[in-house]
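Enquirer: Residue numbers (my numbering), protein chains in the order written: chain A, 344 to 680; chain B, 344 to 680; chain C, 344 to 680; chain D, 344 to 680.
Don't read these hints as lab results, they were simulated from the structure. What you were told as hints is all true, and nothing was included just to trick you.
Note that the list lumps identical chains together, so a pair holds whenever it fits in one copy or between two copies.
Within a straight-line C-alpha distance of at most 27 Å, the following computed DSS-like cross-link-like pairs (lysine-lysine) qualify: (1) Lys488 - Lys516; (2) Lys363 - Lys379; (3) Lys421 - Lys354; (4) Lys349 - Lys411.
Number of protein chains: 4
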Amino acid sequence: MIVEMKTGASKEEVAAVVEKARSLGLDVQLNLGTDKTVVALLGSNTGQIPTDIFAVLPGVESVTRIMKPYKLASREFKPGDSKVTCGDVEIGGKRIIVMAGPCAVENEKQLFDAAVAVRKAGARVLRGGAFKPRTSPFSFQGLRKAGLELLAKVRKETGMPVVTEVVEPKDVKLVSSYADLLQIGSRNMQNYALLTNAGRSSCPVVLKRGFSCTITEWLTAADYLLAEGNSVVLCERGIRTFEDSVRFSLDISAVPVLKKSSHLPVIVDPSHAAGHYSLVPAIAKAAVAAGADGLLIEVHPNPKEALVDGLQSLSPSDFTRLMKELKVVAESVGRYI
Amino acid sequence: MIVEMKTGASKEEVAAVVEKARSLGLDVQLNLGTDKTVVALLGSNTGQIPTDIFAVLPGVESVTRIMKPYKLASREFKPGDSKVTCGDVEIGGKRIIVMAGPCAVENEKQLFDAAVAVRKAGARVLRGGAFKPRTSPFSFQGLRKAGLELLAKVRKETGMPVVTEVVEPKDVKLVSSYADLLQIGSRNMQNYALLTNAGRSSCPVVLKRGFSCTITEWLTAADYLLAEGNSVVLCERGIRTFEDSVRFSLDISAVPVLKKSSHLPVIVDPSHAAGHYSLVPAIAKAAVAAGADGLLIEVHPNPKEALVDGLQSLSPSDFTRLMKELKVVAESVGRYI
Amino acid sequence: MIVEMKTGASKEEVAAVVEKARSLGLDVQLNLGTDKTVVALLGSNTGQIPTDIFAVLPGVESVTRIMKPYKLASREFKPGDSKVTCGDVEIGGKRIIVMAGPCAVENEKQLFDAAVAVRKAGARVLRGGAFKPRTSPFSFQGLRKAGLELLAKVRKETGMPVVTEVVEPKDVKLVSSYADLLQIGSRNMQNYALLTNAGRSSCPVVLKRGFSCTITEWLTAADYLLAEGNSVVLCERGIRTFEDSVRFSLDISAVPVLKKSSHLPVIVDPSHAAGHYSLVPAIAKAAVAAGADGLLIEVHPNPKEALVDGLQSLSPSDFTRLMKELKVVAESVGRYI
Amino acid sequence: MIVEMKTGASKEEVAAVVEKARSLGLDVQLNLGTDKTVVALLGSNTGQIPTDIFAVLPGVESVTRIMKPYKLASREFKPGDSKVTCGDVEIGGKRIIVMAGPCAVENEKQLFDAAVAVRKAGARVLRGGAFKPRTSPFSFQGLRKAGLELLAKVRKETGMPVVTEVVEPKDVKLVSSYADLLQIGSRNMQNYALLTNAGRSSCPVVLKRGFSCTITEWLTAADYLLAEGNSVVLCERGIRTFEDSVRFSLDISAVPVLKKSSHLPVIVDPSHAAGHYSLVPAIAKAAVAAGADGLLIEVHPNPKEALVDGLQSLSPSDFTRLMKELKVVAESVGRYI
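Go ahead and model the full structure; you've got the sequences and the hints to work with.
Expert: See below:
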């Protein structure tokens with residue numbers, strides 16, 4: 344942590360900074376510049392110390408953090424790549440894992456048809472929402488427990504592990520008893536009660552990025568899950584920007600940035616970012632080329648009849664065509680699907 | 344809702360849009376332009392119908408919503424201004440209500456000293472956090488129930504009603520039994536389980552704006568609370584932008600936009616937006632001049648020793664000076680404090 | 344400038360950083376932490392040295408700038424407040440200067456009527472665009488030289504100094520020969536050829552903020568004008584964010600941030616930010632309360648007939664009412680209009 | 344264009360909208376809903392009519408544009424893909440064109456070494472800046488005319504066509520006499536004087552996206568160039584967002600969105616977006632997979648000694664390795680390099 348003193352800060356003001364730092368167990372090194380005094384505070388835990396503690400002291404101009412505030416999710420903490428397994432599926436290995444299925448579970452036939460279609464095309468995990476967080480209280484909120492039961496039934500019939508969202512701390516136990524992977528959605532990335540509970544689940548967690556959260560905040564949220572002992576897959580799903588031709592702007596750079604900063608597997612959801620089925624294939628191929636370990640894609644047996652997000656869902660035939668293309672792209676970067 | 348057909352869309356494609364709309368009970372009017380066919384869908388509930396239902400149909404170029412997705416929070420629903428009362432305090436009237444106190448309740452002396460100082464300077468509601476949502480799992484998480492008890496004690500001693508945050512659905516009952524106003528924080532604005540539970544509380548709710556949510560999304564979230572029968576105060580606290588000289592950019596235009604679109608009272612939190620005590624007075628005065636019904640300001644008896652957010656807290660003497668200035672600004676716009 | 348080395352960086356890598364810094368005349372102080380080596384580079388000109396020079400060296404993790412890249416615009420360079428005069432008007436003093444008039448000069452009658460109306464209401468400078476930068480090549484581009492001549496004529500008739508925009512380096516001389524204040528628009532804030540030419544003009548410059556530029560970039564652009572010897576007034580006019588209820592989100596915090604970081608006068612344009620006349624009064628009052636030294640407001644004798652930006656223009660009667668209100672707000676913060 | 348009237352708007356107010364529309368030659372269709380009157384305005388030129396003309400009328404709630412404001416750049420205007428040729432290079436065909444070279448031309452040896460290296464690796468166009476727009480007036484501004492002469496010399500020696508930036512309207516003629524492709528930079532995307540002049544040049548133009556401009560604004564800016572008769576290549580180079588781990592967030596969705604909305608070729612600049620050489624390969628591969636027609640990549644013979652942007656420049660060996668990888672990715676999507 345670097346504390347920049349104001350021009351003309353007094354010796355006493357500098358001394359107060361030094362004293363405060365030493366009281367927190369930090370090493371202190373003074374840099375007496377010609378124009379400015381700069382105080383470097385060193386120690387293994389400076390990432391966890393709030394900068395305000397120093398910024399508020401008299402004579403301080405600014406405080407700059409050098410260490411990142413996250414720890415367990417960082418590549419410095421664990422240099423090798425983490426792999427997350429659910430059933431016989433391994434996320435983070437050489438095989439790129441495609442998770443596909445409808446946004447919301449609507450009924451058994453819809454889910455079964457979707458599952459059979461995506462499995463045939465090469466998807467390895469079935470997605471489907473039973474609990475749906477909706478921006479309006481007047482919208483369809485999901486089948487809830489009945490949806491979970493359908494997911495379990497279709498898993499049994501198809502052999503595909505299931506990823507599904509949990510939206511409330513009290514439901515973690517229930518959802519974990521049906522799911523193979525818990526999904527925490529974008530709007531809950533900083534719902535710390537949910538993170539703590541999900542961290543204690545036996546199901547690994549797919550942590551979607553908050554649509555306006557930095558990568559640093561995302562990895563710090565992952566620390567909540569890792570601190571409780573769970574495994575985490577990160578899912579980039581688009582960020583909010585000024586551009587209005589898409590729902591969210593997919594942050595493709597997040598893939599290499601995460602690969603550099605973290606050991607966690609990274610998947611990409613092109614469907615929620617694009618908001619329109621016609622843009623999904625290009626973004627999906629880009630994600631694979633950029634190094635993503637998996638994809639989360641919405642597929643509906645009949646998008647025109649979907650209760651939720653029909654516009655961003657692929658039909659089974661569109662998905663099948665996309666999977667063929669993705670296999671070639673995966674091979675071009677030394678992976679397979 | 345306006346459905347724009349693609350250039351060259353067939354009669355059958357237009358007919359399918361019309362049929363779908365009629366099946367939902369909507370009035371339909373066709374506009375056969377020279378270049379484009381445009382279909383207008385009319386009805387009192389089009390704000391609650393997802394645009395995807397039409398956007399996904401063949402031959403459709405775009406779907407534009409004319410009605411807003413929120414209803415209960417809108418000024419069309421209730422033309423007059425709503426007022427929210429807690430104890431003997433009325434929010435939304437001619438008096439501008441200042442709520443002040445520490446970010447986090449740390450101990451009895453800190454809270455009591457803060458309460459006495461802000462009451463003396465003219466604040467009418469005491470703020471103080473017992474449950475703290477923190478970005479890092481390694482940060483101070485609040486005194487929780489012990490903090491609520493201290494708030495209740497200091498309320499008894501000072502006569503000030505208390506606003507405090509609730510972060511988890513299961514805690515709504517507990518927090519409501521101690522608080523006069525529930526606060527829902529920025530990161531929970533779209534935590535629908537929390538909104539639904541808080542909507543059923545007997546405490547009115549201060550709903551902070553999600554730091555990357557539009558005003559439309561904010562008012563739609565307020566509908567969750569209103570639909571359960573509770574009262575709502577909206578609190579603008581800064582939005583995430585590219586500007587890095589402040590924590591969040593306070594969206595001053597939100598005040599007149601909300602006054603135009605909604606009947607709900609609007610308050611402003613300059614402390615979390617600015618992130619630095621030196622910027623709080625200018626933003627607070629701007630908020631009052633723009634028409635805010637109240638302010639939420641962080642004050643700590645000794646900011647240098649604060650466990651959380653010390654840099655954005657005013658000292659009692661800074662707060663007293665600011666309140667004197669605010670009284671004059673309030674009078675200049677026909678209000679008082 | 345602070346150079347953070349990677350964990351495990353070699354002695355040679357640290358030495359290369361030190362050597363490079365010394366070759367540039369910088370003082371170097373090494374901080375050998377337990378986990379990390381951090382190198383502090385000190386000198387009066389580090390704000391002007393690109394961070395890349397060090398970031399590109401082997402073993403370097405990150406480079407953080409402590410000194411700001413701007414110099415002449417900074418309050419450290421000139422502690423007192425600068426005042427800018429045009430005619431008998433002084434910007435940056437105790438009087439708040441209101442500049443008002445139509446977005447575009449359309450014809451003599453329109454300009455004259457606007458000028459008379461705004462002067463009567465208390466405006467001290469007449470605004471009016473002769474050269475109009477338009478997003479579409481098919482839109483009205485302004486009267487150009489004929490517009491300048493009308494501005495000069497109306498100035499003579501009303502005695503009001505004139506502010507008008509220059510959009511091209513080659514026009515600086517022409518526009519300067521008619522105007523009292525040159526305006527550089529938001530889209531030209533980083534048009535360095537224009538800045539350099541305008542810096543050499545005898546007219547002071549109103550430099551609007553680029554709608555997606557940080558305050559640091561804005562002050563660095565002001566350095567271009569100041570380096571050539573000209574005076575500068577900064578004009579906040581709203582930034583691009585995700586919020587879609589206004590054209591641009593007025594960054595009210597920019598006023599106190601600029602007052603802290605720079606000696607230059609600061610004015611606010613509520614019209615371009617809001618994009619709607621009904622929002623202009625609240626934002627204008629907020630700007631005055633926050634400490635702005637002036638306002639730039641669009642007024643059209645008949646907004647319904649305006650060729651450009653009619654929706655954000657006030658009518659003369661709306662402007663007159665607003666000026667009465669602004670006078671009271673100005674007094675409440677120790678200023679006058 | 345859709346005009347939504349306020350609830351309770353009078354017959355006279357509706358009639359005024361209709362009359363205004365007819366006076367502009369538009370077709371009008373009235374939709375008298377139960378709650379709202381909605382007026383549809385139809386005609387081939389509604390994209391060029393400002394919405395303000397109607398929004399300002401009494402009784403109008405909102406005006407929504409259905410037609411896009413750009414015309415010549417749209418795929419509706421020209422359904423087939425445009426190709427742009429410079430020398431023997433065709434941009435927009437099956438071959439993906441890689442343009443590479445140093446950010447700034449520094450001296451003959453640097454430029455020559457870069458050119459030889461990138462040509463050998465498969466680049467088809469040499470990039471190099473002679474005029475450099477810099478955020479600070481104290482930074483290196485480029486070799487200007489001497490830089491152009493070096494570019495021409497190296498083109499002669501290597502046979503590679505040259506793309507270089509023009510920053511000022513008066514320099515278009517000069518730069519065109521040396522360059523094969525003119526580049527207009529991000530900060531000049533809405534510099535209309537420059538666009539108009541460059542539109543008249545015989546060199547095709549690479550138009551970089553303004554870093555905070557929407558795709559609609561970008562295509563409208565392209566209309567300035569097309570209206571003068573020139574050819575245009577669009578270059579996505581990252582947009583400004585809240586994310587701070589990269590200089591700019593590359594908007595990968597822009598590639599498929601542009602392919603849908605426009606007939607113009609699209610290239611991607613991963614170097615300026617990433618700001619760090621280690622991120623360039625992943626973004627470059629993603630761009631190719633997403634359907635880009637070319638890449639613009641910074642390569643410096645010795646990035647550690649670069650005067651400008653060394654951190655984002657690839658070394659010749661890194662570039663050679665990347666080109667090998669890109670060739671495989673290009674083939675995986677049915678293209679070649």
